[in-house]
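If you want the building blocks of each chain, they are given just below.
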Amino acid sequence: MGQKTPRIYSVELNGAKDMKQTDKGDGKDKYRGLQDNCLELRNNQRQEHLTKEIDLDDHKLSNKELETKYHTNIVTGLSSTQAAELLARDGPNALSPPKETPEIIKFLKQMVGGFSILLWAGAILCWIAYGIQYSSDKSSSLDNVYLGTVLALVVILTGIFAYYQEAKSTNIMASFSKMIPQQALVIRDSEKKIIPAEQLVVGDIVEIKGGDQIPADIRLLFAQGCKVDNSSLTGESEPQSRSCEFTHDDPLETKNIGFYSTTCLEGTATGMVINTGDRTIIGQIASLASGVGNEKTPIAIEIKHFVHIVAGVAISIGVLFFIIAVSMKYRVLDSIIFLIGIIVANVPEGLLATVTVTLSLTAKRMAKKNCLVKNLEAVETLGSTSIICSDKTGTLTQNRMTVAHLWFDNQIFMADTSEDQLKQTFDQSSGTWASLSKIIALCNRAEFRPGQERVPIMKRVVVGDASETALLKFSEVVLGDVMEIRKRNHKVAEIPFNSTNKFQLSIHKTDDPIDKRFLMVMKGAPEKVLEKCSTIMVNGQEQPLNNSTAEAFYTAYMELGGLGERVLGFCHLYLPADEFPETYSFDVDAMNFPMSDLCFVGLLSMIDPPRSTVPDAITKCRSAGIKVIMVTGDHPITAKAIAKSVGIISANSETVEDIAKRLNIAVEQVNKQDAKAAVVTGMELKDMSEDQLDEVLTSYPEIVFARTSPQQKLIIVEGCQRQDAVVAVTGDGVNDSPALKKADIGIAMGIAGSDAAKNAADMVLLDDNFASIVTGVEEGRLIFDNLKKTIAYTLTKNIAELCPFLIYIIVGVPLPLGTITILFIDLGTDIVPSIALAYEKAESDIMNRKPRHKKEDRLVNKPLAVYSYLHIGIMQSLGAFLVYFTVYAQEGFRPSTLINLRVEWEKDSVNNLEDSYGQEWTRYQRKYLEWTGYTAFFIGIMVQQIADLIIRKTRRNSIFQQGLFRNKVIWVGIASQIIIALILSYGLGSITALNFTMLRPQYWFVAVPHAILIWVYDEVRKLFIRLYPGSWWDKNMYY
Amino acid sequence: MWVMLQTLNDEVPKYRDQISSPGLTVFPKPVTALEYSFSVSEPESYKGYIEDLKKFLTPYASEAQKNLKVCTDGALSEQKGPVYEACQFPLNLLEACSGENDPEFGYSQGHPCILVKMNRIIGLKPQGQPRIECTGNSKGENTTTLLAYPPEGNIDLKYFPYYGKKLHASYLQPLVAVQLNYTASSTPKEVTVECKIVGSKNLKNYDDRDKFLGRVAFKITMRA
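Here the protein sequences line up with chains V and U, keeping their order.
Per my numbering, residue 1 is the first one in the first sequence, and the count goes up by one each step.
Per my numbering, residue 1 is the first one in the second sequence, and the count goes up by one each step.
Just chain U, same shape as in the assembly (with noise of 0.2 angstroms):
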């Protein structure tokens, strides 16, 4: 056992064979599987998400990430070592969900924000311009529009490849945000958004068995 131990690199782990392509995950946590419920006129309702939405972005504050560097856009940041920096992920780039100009995440308006980013995968460097498209289905004739921060959903490549935890500590993933516009009154709105990898060949959108490969969906019910 101890001598299984010792052949262990500290940095990164032997095989990657079992996460060759990320999952992806929303924030804030849902507590029941994937389902947002909230009504804009109680607070109490959706204070949990929001509390979850600026636990998660505690890293992202501009006073965390001052000492990151400011990397060019578009390309990868391959490094040698043995220091390893991490990428500024602005929180600007979130926009209306960025929590600066709207501490509530636009819960309180209607317009909820939910935070979608790509698990780390050490290693993994995507191709072509991967994007987060995400795609909203309503009940009746309601209709929903969803907007993305960053802008249609782009990652940037800068952000890839990751070093580990231990090479890379204070890397920040990057994130897209969507933002939901119902338009409809009726109520309790309920819209299932599904969100999915596109724009890049070695990231998977679609696997059989796992549904959080490349993809991710949930619903929202707003109450009155």
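Okay, chain V solo, but in the shape it has when bound (with noise of 0.2 angstroms):
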């Protein structure tokens, strides 16, 4: 862009041309660059079928020729039998949609997830260790079978639930592509015939016109005035003629193909059919997304480090305490049953089910604000994101055109461009305004669609291309009912705008009474405009156009095109009533009217504006920590400019051009150190390496990628993959999605994007808005942050769990805990307050700080494992044995009188076991009194588990600072743990198969001192992380 000095934007005004096409490039670039990322991508055999498929040679045939090789004809097109034939060889013309993962493996695959696989493992061990004890002793307690099943239920009711969860979310999605079955019209037996497209066959041949899409690769026989939008093909966005004509080698530069699922702007042509379905090129392309394989997500890779971290204190705990139990002579047998009993105890059950709740809970809160998850993980992954691939058009922009400058009186005056305009506020006294209000209403051929008085002027729906609907919509708010005022200035002749010309005109009657001239008003390319013109009105009074008012326009001119946007020029004449009576009959063919010396009046531009949330979120992006890059298949000048106004690139920052252009040096003498901010174009991109690019993407902070194609975004998406980053990837097309399956995490558009890109993402925006994705990454953090506290609330009472057991075998005390007795705190009393932590609000600003580090921030760290461990956990172990030893020693037996009597305690035979009083027992008395125990324990667990509960929905605030009050469901979870905890103690106390017994109310506050000792020092230990930060304390104490 550098070589043609100020480039400013010319103005197109043709045809069906969408908001994808705001610019004018050099489009073969593209098509360079999409075989070059072919040949890079070599190694992968698809490519290689694909750079081979692109060699077809039928551009090079003539119509004779094709007709022999496609057993056709060009005149009558194939007989039906013909095309049945080949349709039943071909199948039918349409992409097959990426192989579906079969239901049943998506189902069993959400069963051997990470987490699952250690309650696998779990219930196997269980079912081992009951066969090892059946094996000695027949009539052997039952339960590990229990366990053991009720680990596997866990496994598979979990499955059940995410499974139904990521369905619902395909649901939503499936909702979005009802697809209108395309047509197409074929010669087949010498008749036009409408037929779904999807049943084109090779040889047929098509008629397509303006606005039709090309219904498969063809080979044009002739056109007529035909132009392609290949952007969904290339990324190029500006329109490509097509013609007859053989003009280049290359199968994707020459004239005469057209390409499946582009579209056709203008003009009629008639094609050969070439290919079909997934043998097009775009079918190709598409299937590339397959090849790409799926990232891991990172909580998949923090679960499967948890999993081990579980794994690892588990079996060594086992281990020791099977060295131990031989040591101590038990039975080799008894050992094992000890070890796999250990390493059972350590399988958090609830967690996997908590997990998954936790994580289905922000996948609908985030469904609220429009991010549709399809993976759970996903969830988690937005939230560690560290750089965003953003699209422009439509993700970060409006999409939609939108008058945003106008000059006259020599001044530019900004309009309001945000979503809702309801009135401009610019100085709209001027004569001059009058006047190009005028001309900006009548010179405009789009209409409003009939029957929307009532939808609010931005949302009506509007016939006419982009601009000319920014025109119509933008006088509609100044000047209230448009279509009135064209009625009133009746329209007599009009030159619709043609490429050619680069202008559009009209002439209409005036609704002046008085006045009986007719007023020519013309729009089209400023300087096109300007060379129409003698004059210029100033303040409402027309004055010669002299080189100083000339000078004047210029600038303006460049300054509008400089902030990228589409300028255009507005004059005006009125015709002389003597030459132009009435009755005049203007033929628009003769141009039987002058079209020289009119009067200029002003300048208009337009932009499609970012979206007024936007900035605001790539503020929050940056404080974040989040690089946000810029990819677009648009102007450099117009991405530029939507990034500086977005902040993507911000206001005091330059690019090496920028700074060149202000010393006035060349590029190559610039400091790169002294640019921020970088604009790499597609071309730039194709010639760099992989270190030049690594250094572009490590050294700039803020980077535009302009005119790159989309292929080209999967390099760049891997470039980001290569400095560690997580990287979000927007896309749309079909074409993006390698690179948002590539991506760590993919977003497709739920509005623009294709099925295919919906298909290979992992998150839909529901309303294309990059504001959403910052609400996803906030979203995505918290919930991070939270399962940190869900994990470490959760692991706690896995060590007053374990505990027991130890004790148990080492002291030899009855069974202080019994196995059913972990389930119902696993599953029971600890569920609802592990998912109420999901719903704690952050501690601090957590859109201020970086993304956390892949590989050095985890889940759950050493600190969180060593502190729930071993402080918390061994606090709350001794608060519960306090519970146990007080109920048996009040019972008659003291501690002393427990240790070692596990045998005695345990066999059948003994029914006379004397307590600490001389006291006997029975042994169904003594188990009752055990189940007592099993009881008191999980009171004294549960007690204190309400406190940790409590101190762990902070981690470095205190909980005043949080607020005791503010999350709701916090009180939901204690209060259910306290009403489970009553309905086993009393309203199940007689079902003695459930080992709970009625338990005198006053030990429920045995370990109420624990509980509150426990508080009192994790805000001991709070406040020491806040009072020396970065202290040895804060680094081993803070998780």
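Treat the hints with care, as some may be off.
[What the hints assert, rightly or not] Pairs of lysine-lysine residues, derived as DSS-like cross-links and limited to a Cα-Cα distance of at most 27 angstroms, are as follows:
#1 U/K165 - V/K138
#2 V/K927 - U/K219
#3 U/K165 - V/K927
#4 V/K304 - V/K209
Quick caveat, the hints were computed from the structure, so don't treat them as lab data.
Both chains come to you apart, so use the hints to assemble them.
Put into structure tokens, the structure is as follows:
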């Protein structure tokens, strides 16, 4: 872009161009880019296949040769029988949807994730343990069987839940893709027929016209003024003209090939189908996506890490106590049972369910904020995102041309570009404005669809192209009923826009009853319009156009063009009444009216403005340490302008080119260190080596990639991932799907996105709005923090559940806590509280810290494990043991008596076991007391878990800073704990199968001092963390 | 923990709700679950039982009992302390099973003695006239006569209530002996005996889950 400075947008007002084609450029680079990518990726077989296919030579063949090759006739087309045969051979002309994983596989996958493996292992160990017990004693307790079954059930139920959740999001997605079946006009049996495009076969002769989607890859046989939009294939947004001449060896560049899924913008053409369905170019690119492996989500990695920790702890404690047990002369078989028991006791049964529910809660919350998550684990991925590669159009911008600036009376005025502009506030008193507004209103072919009077102007549907729509809405806002104005100023003649003229003209009778003159209004490319003018209107007065006014015009034109805006010039002329009487008949072909000496009125520039929420969102990203990279097919100037206006390039950052221009030196002389921002074009990117790209990515904090093809997105994503970044990518086109898949989190656009993109993505933005991503990031970070809390909470009581067993083995006291009771803690009282932690608000502004480092900021780190297991866990065990010993002592067994009582205690034949007071107990009486002990221990843990729950609300702040009552769900959790415990102890007290007994009310309070101690202890921990940041304490006690 | 231990009473546990009714146990302690098996002709086979019984009855020797109080029959001996006295349980109440006349407790003659006792429970005051009633059930036409000492298996109320190991250190539990008389000659002689407490309202002799609450069942197999 440096060679022809300053380069200004030319104006395109033609046809059904949509917003994606805002600019003009040298389209050929695009094709080259595509091919290069193909070459670069050659090691992949699919891509090799692709390059081979691209070497198709149909474009070089003559019509005759084509007819022979495809056994068809250009005039009569295929016969129906031929077509039917070919259809049977080649299959329908449609992109085969990406291979759907069979539902059963998806379902089974839910059951073998990191956590599930742990639970399965636990379940199998339980059954093995029972097998061992059974082989030595037929009447051994079934506890292990129950436990194993419950573990298996937990995995299966959680799997069903997760499957159901994901299926639900998939269904929501499916509802988006209600595609209207495409039709094609085909010549068969010498007749023109309209058939569904799916039934097209190779050799069919199809006719297309402006507005149609090209139904297959076709070789053009006849074309008239045909232009196509290849953006879905190449990212190139400039319309390409198409003819039937062979112009280039390369099939992608030759003019006589039209590609499937591209759009014919104007003109008509006839072509022969040369490829259908997946064999089309776009079909092959779409299939690339399946060749790109899906990355493991960060949370999956974290959970794996966590499973390793738990398994490590379990096995080491297990083996340690196995050795102790053996050396204490326990039978080896018993010791193995102990070993298994210890390992299984370490399995956090409830955590899998909790994590799944927590993730789906967040997913639900995100869906409400327009982020639909397809894969539950992706919920967190967004939180660890460190680079977002965002599209421009539609994501950062409103995807709607809007009037941004006006220039008249030698002044630039700014227009309101927000989404719901209600009125324009610039100065409208000048006479020039009166004229200009009239031209804007009259010289416009766009119209509102009828019946939308009640719809806000900005939301009304308009028939017309993007620029005309923008002008229509603009004048509707400023002037009121434009249709009425047009009616009053009857149009007598019109020349629509075309790309050779680059202007649009219409002649109207005016609504001034006295003035019988016709008014000619014109708009178009500013320089073209100015050429036709000899005067300029200033403050409502016509003045001759001299050098200084022309200078002013150019300055304004440059300035607006430099903002990346599309500039239009407006002029008018009142035709003298004597020459053009009321009855004068205008002939647009003969041009029987003056086309010079018009009066220039003003300039107006339009842009697809940023969404109003985006700048804030970008600022948030920046403070959150997330780098936002814009990747767009647009022109660098527009890209840069939008990047600047949304803050992707901050106000005081300069690119190398900016510095060169400011210092007036050559680009090469600029010290690259000075530049913070960079605008890299697809051309430049193509010539870069991996190292060079890495250097660009690391050395510039603010990067815009412009004029890039969708394929280059993949290269950019890979570059970012080489920096160890967690990359989020937005995309909508079929061609984005490889990048979406490659990214750590692919975000597809819900409105603009293609099915292929949505399929490849992990998340779908329902409103296509960038700001929604930021809310998603916030939720993702929060869930990571809260999962930490949940895990810390859960791990703590694991120790309190494990200690009884260890003490039982080593000290020989009657078993303090039974297996079934443990299950009631893990899957009963603790479930709601651990989920409640998911509702915890962020401690401090989570959007003010850097994204977590993939390899350093682990979900479960050493301080978390140590603090939970060894600090709070041990304290909790002590508290629970206190309740246990109290119950036993008050019933007659003092702690000293209990030691080494195990063997006698468990002997069924001993029915007169003496307690500390000389009383004698039958076996069943002891058993009942043992269950009371279980219940006591259970209550002890439960009471302290309440304290544990409260302290886990925060990791750094005092609970009082966080607010004890802000998270109401915590209290629901506490209530649920107490209620479940009450029911178990009093409601089911008589059901001995569950090993619960009625416990005296006072025992509920025995552990309360311990609970308070836990709270105080944790407050002290947090206080020291806050007081001495960075100290030893902070490093080892902050999890 | 320490605080908790301080709150404990040294003499009496705070609660006795879980042992409101006593269990029954038998002596000698069978090796396998409540099955006695011996042969009259092989002294070795019942030597263990005899020793066990002897050991169990050591505190009941008249020498050991001589400091104990002779209590009035038929009434609870409630005491207020501070010194709690225990009542004598003269071994001769067990008559043939006392071991005084027959140091082999009838085993050598094929009339084995089994001692049945109620578990100690602090503060337990039986109502009515508790006694231990045993019934024998043997296979085939064999009939078994069960003799109980003291007669009818009566348990005198004077041995209640019990005041705990610390206060009532010399306490002696009342015992009931059951002696079997096999009439049939077929061998092996097998008999299942079930004993339970009867005659007292507050002493349960049946519980769904606790097979030893107020009752006990055992099997005696006597080989030739």
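Going through the hints against the structure:
For the hint linking U/K165 to V/K138, the alpha-carbon distance of about 38 angstroms lies beyond 27 angstroms, and the restraint is violated. For the suggested pair V/K927 and U/K219, the alpha carbons sit about 24 angstroms apart, so the restraint of at most 27 angstroms is met. Of the supplied pair hints, the one linking U/K165 and V/K927 holds, its CA atoms being roughly 23 angstroms apart against a limit of 27 angstroms. Taken as a hint, the V/K304 and V/K209 pair is broken in the structure, with Cα atoms around 56 angstroms apart against an allowance of 27 angstroms.
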